[in-house]
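*Asks:* Taking our numbering, the leading residue of the sequence shown gets 1, the next gets one more, and so forth.
Some hints could be false.
When the alpha-carbon atoms are kept at most 20 angstroms apart in a straight line, the in silico SDA-like pairs for lysine to any residue are as follows [said to hold, decoys possible]: (1) K95 - R18; (2) K80 - S135; (3) K80 - S121; (4) K124 - F142; (5) K80 - I47; (6) K124 - V35; (7) K101 - E13; (8) K114 - A40; (9) K124 - E31; (10) K80 - F43; (11) K114 - F43; (12) K132 - N10; (13) K124 - A40; (14) K80 - F142; (15) K114 - R46; (16) K95 - E31; (17) K124 - E149; (18) K95 - Q107; (19) K124 - Y146; (20) K80 - P91; (21) K132 - K95; (22) K114 - A62; (23) K124 - A62; (24) K132 - S121; (25) K95 - L4; (26) K95 - F142; (27) K124 - N25; (28) K132 - H106; (29) K124 - P113; (30) K95 - R24; (31) K101 - E90; (32) K80 - H106; (33) K95 - A148; (34) K80 - T22; (35) K114 - I76; (36) K95 - T22; (37) K80 - K132; (38) K132 - K114.
Hint data in this document are derived by calculation from the structure and do not stem from the laboratory.
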Amino acid sequence: MAALQLAQINIAEALNEREGETMRNFVARIEGINVQADQAPGFIWRIEEEDGSEAPTIQSFANPLMLINMSVWEDIDGLKQFVCESRHMEPLRDKTSWFGKVATMHQALWWVPKGHTPRMSEGKVRLDYLQKHGSSQYAFTFEQPYTAEESTRIQIK
1 MAALQLAQIN
11 IAEALNEREG
21 ETMRNFVARI
31 EGINVQADQA
41 PGFIWRIEEE
51 DGSEAPTIQS
61 FANPLMLINM
71 SVWEDIDGLK
81 QFVCESRHME
91 PLRDKTSWFG
101 KVATMHQALW
111 WVPKGHTPRM
121 SEGKVRLDYL
131 QKHGSSQYAF
141 TFEQPYTAEE
151 STRIQIK
């Protein structure tokens, strides 16, 4: 079996523009959290602007308030440890201060070949698939994960 790594995308709808008063406290935390992610065990890659600035400024949805994060990890355990046991939890606890409820799936996980850098369009396709079909080897969640081995037996619905 070819070596696989875990890709993830998550989206959130900001309550206000990034520069607005509402988002100021969240934006102030981004750099520190990203530095911690970069140093986390199992971390491989995260999306950044071409100029190296932080990802939440990337616009890939019609809604300009939709913020996007994408990253690649060695495995689901490394990602889960970072999400649940680091400074990343601080803004998650306060997320209703900055973000509204997204009407669709807000996160998708999937396995990619080692060295593959997922494109934004790829992440959006996985979110859409997960919304329409539920968790599968093609796109899944923390709550219903699939192993890298299981993902090699993908049957698209």
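*Asks:* Does F142 sit within 20 angstroms of K124, going by the straight-line distance between their CA atoms?
*Replies:* holds, 17 angstroms
*Asks:* Compare the distance between the alpha carbons of K95 and L4 with 20 angstroms, and conclude whether the hinted pair is satisfied.
*Replies:* Violated, because 31 angstroms separates the two Cα atoms, which is more than 20 angstroms.
*Asks:* Please verify whether K124 and N25 have alpha carbons no more than 20 angstroms apart.
*Replies:* Distance ~27 angstroms between K124 and N25 Cα, so the pair is violated.
*Asks:* Are the Cα atoms of K124 and P113 separated by 20 angstroms or less?
*Replies:* holds, 18 angstroms
*Asks:* Decide if the proposed pair is consistent with the structure: K114 and R46, CA atoms, cutoff 20 angstroms inclusive.
*Replies:* holds, 14 angstroms
*Asks:* What's the verdict on K124 and V35, does the C-alpha distance respect the 20 angstroms limit or exceed it?
*Replies:* The given pair, whose Cα atoms are some 25 angstroms apart, is violated under the 20 angstroms limit.
*Asks:* Under the criterion that the straight-line Cα-Cα distance not exceed 20 angstroms, is the pair K101, E90 satisfied?
*Replies:* holds, 18 angstroms
*Asks:* Within a Cα-Cα threshold of 20 angstroms, do K80 and P91 meet the stated pairing?
*Replies:* holds, 16 angstroms
*Asks:* Going straight from one Cα to the other, do K114 and F43 come out at no more than 20 angstroms?
*Replies:* holds, 13 angstroms
*Asks:* For a C-alpha distance cap of 20 angstroms, please report whether K124 and E31 respect it.
*Replies:* Answer violated: K124 to E31 is near 24 angstroms, above 20 angstroms.
*Asks:* For the pair we were handed, K80 and F142, check the Cα-Cα distance against 20 angstroms.
*Replies:* holds, 8 angstroms
*Asks:* Given the proposed pairing of K114 with A40, does the C-alpha separation stay at or below 20 angstroms?
*Replies:* holds, 18 angstroms
Hint check: violations occur at hints 3, 6, 9, 13, 17, 21, 22, 25, 27, 33, 34, 37 and 38; the rest are consistent with the structure.
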